[in-house]
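Here's the letter readout for the chains.
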Amino acid sequence: MRSDTILEVRQLSHLYANGQGCRQIDLDLYPGEVLCLVGESGSGKSTLLDTLAGRRVPQSGSLRFRDRQGTFHDLIHGDTATRRQLARREWGHVFQNPRDGLRMNVSAGANISERLMALGQRHYGHLRAQARDWLERVEIDPARLDDLPASFSGGMQQRLQIARNLVTAPSLVFMDEPTGGLDVSVQARFLDLVRRLVHEHGLAILMVTHDLGVARLLAHRTVVMQHGRIVESGLTDQILDDPQHAYTQLLVSSIVQA
Amino acid sequence: MYVAVKGGETAIGHAAQLLAHARRGDTALAELECRQLAGQLRHAVHRVMQEGSLFDETLAALALKQAAGDVVEAVFLLRAFRTTLPRLGSTRPIDTAAMRVRRRVSGTFKDIPGGQVLGPTADYTQRLLDPQLLQCGAAHSELPQADPLPNPLPSVLDTLGAEGLIEAELPPPGDPAPSDLTTQPLMFPADRPTRLQNLARGDEGFLLGLAYSTQRGYAENHPFAGEIRMGELELFLEVPELGFAVSLGEMTVTECQMINQFAGSASEPPQFTRGYGLAVGEAERKTMAMALVDRALRAQELGERITAPAQQAEFVLYHTDNVEASGFVQHLKLPHYVDFQAELSLLRTLRQEHETRQGDPA
Amino acid sequence: MKIEFNFAFLDENTKRMIRRGLLKAVAIPGYQVPFGSREMPLPYGWGTGGIQVTASVIGRDDCLKVIDQGADDTTNAVNIRSFFQKVTGVATTTSTARASLIQTRHRIPETPLRPGQIMVFQVPEPEPLRTLEASEQETRTLHAYQDYGLMHVKLYEDIARHGHIATSYDYPVMVNGRYLASPSPIPKFDNPKLHHSPALLLFGAGREKRLHAIPPWTRVESLAFDDHPFEVQGWEAPCSLCGSRDSYLDEIVTDNAGSRLYVCSDTDYCTSRREEA
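Protein chains in written order, with my numbering: chain X, 709 to 966; chain P, 4 to 365; chain V, 33 to 309.
In case anyone wonders, no lab produced these hints; they're calculated from the structure.
What you are looking at is a predicted structure, and each value in this text was computed from that prediction instead of being measured.
Cβ atoms here follow ideal geometry from the backbone N, Cα and C, with glycine treated the same way.
Among the hints, a few may not be true.
Among chain V residues calculated to face chain P with C-beta under 10 Å, some are [to be verified]:
1. F67
2. Q101
3. L182
Same shape as in the complex, but just chain X:
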């Protein structure tokens, strides 16, 4: 393992009763890099993301995370309390559907402040100041601080999810098809924002997408999945310009035609 690996995945499997899922996955993630998992639906990419994020328990394999102090945590055999702590402080999770990632019945400010309060911050004024600051950073008018997310557009809701996650300065963010519900122009703005934040904060991002265009714009490295396995991985430009595996060639040619 390289000394700066943030997430180390070895022979990880999570299979459903019907045989779908992900099997024998090997993967390393480094600080500051964006890695995209691509493949069609049913390829196991979302299952893999959920398993890595601790939302599903793998049947076999190992999974380790290195925190900012350089301490490694065994995420499978380690205790749940630590894993939940890490999830609150060190990780973020951006969902395709903002309803899964936001509290729709409380204000944008409360959404952003929740993780800070979970970590023990108890000064209302400071919480609001940070929430306002983060709204600005994700290009939402700070005057919307007390508005409910339900009154936001789809693109704003996704940016609010980003703010809600990044407010505790996590080192790793999982994103599951974050642009899935957005139209093209809104998508571009969202991807620009993510790219800027990755650069500013040295974030590592693990993103599931079925859209090779998103991978092309954002990902340093791309991993292609089919039938629960990784069939090809490498630098994104390499994968997209010179695909080696027949399935990757098919995927790439289909977007070229489209």
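Take the given structure of chain X and dock chains P and V to it, following the hints.
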């Protein structure tokens, strides 16, 4: 000068007297006897026994009389009495195949071994009010004669089981003793024996509504009434000192087994699944509803999407009990003026501040 | 047919089961202990949890006080007191100072409690997170990992909307720095009395089948923000009857024109002050 209200004790005494008068009604008419209730209003008495979790027709009739016909109140009276009873032991599990059947119907097969037996059902009567019942002493029809049914009478579902077309009914690994909801708190996740216990003593109206919702698209059950049977069963208690089981007498029981669709998965062949209902007394509507809700609550175990209220175990099981529900809904009529005062003073503060902000001191 | 009852209605095994639950509750202050709540001859939601706790700790030498809304003479208090007179025959009192055991709904008496006394609270909903998270499995997990950010989200939102924390009763508390707990629907005015209480405080929720406890001298903090500290209700006028300026007051509407006056909710406190004067 204002004097603090007193006299709670007197008021309570007066209310009890008024209640007793209202219960007795017109004294020119004969007072109801409990045996009349047990003998002639059997469905009401049975329901009180089911939801009161105590099989005693006399006590259930007494509760019903004391509650002036309020079934939920009668259930409450019976439950409170039940608390004071010592537990002597548990009877052997009953086997409904050994039932002395009075009614047995199947909606899935035209004819079945032993035949369809309608028994004392109102199913095929025309629901016209019978003015003859306004007077007592109407003519009594003869009791029809029928050939005795084979005993034991195996379940209709066994024929599907023999072909492997319906899931096997097997106890969980190790066959652990079921929990007892009357002495242990309901905890989640709740296993199927616990869920069935909860449903068996649950409010018939609530279960009926939930079951109905599963038929109207809030869950995908696709049920068939595989078999419904009602009759008498003998109960046996194992007495350790004696070394053998002693018969405690007979109990009327109704059982409903629903057959439901299930597509199967990669690991399991397509097969029918089951929903189960059982209650003491005559309880056809109740056990049918119970079987539908039982099947809906198996969604997670069977890998189905949980989308409907009837599939959510916490939602269903926490709200079936009518003694709990009745108490909590009605506790709102208790004095809450301390909390209301707290809310009132908060609201006045908020209003004042709002008006100050608006710059419009009204 | 004659029906006889055991001392305090419940059989001895049930009382033991409840006392075991209470011991666990005392050992883990603020933790909700599930227990096999029994069906009582009073309705759920009317104090069955408190009644079972009282029934399992009461002895023949106890002197029992029962209050509802701070008063001994409210109908529900009268009913519960008369139940215990019937099934135990113990002495009862309206005096907070004389009572060894006090069952209450919605108030803590104004007269300070003393060491050795036991206060039993009737609890309708023991889970402070319930209105924010409906699932019991989920709330138990949140308690297990002390994951209480959600509760503060509610308080944050109150301030954002109203300028204040808009919870005036059943105000959540942190017990012994570990468990978030419901103090039962007492007005927040009474919350400070929970902190370092010399008396043992027992909480029973019959319908929800949970017990919790605050042992004597336990640290109990009402949740707040540094810049929005916890505050209790106050009144501009004193009690119209005894003149007290430091007790919780009930608002009484005295005529159809809406005239109002304010009197102590704790009737024993108000009466003894008037007798002393």
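Worksheet item: Which of the numbered hints above does this structure break?
Response: 3
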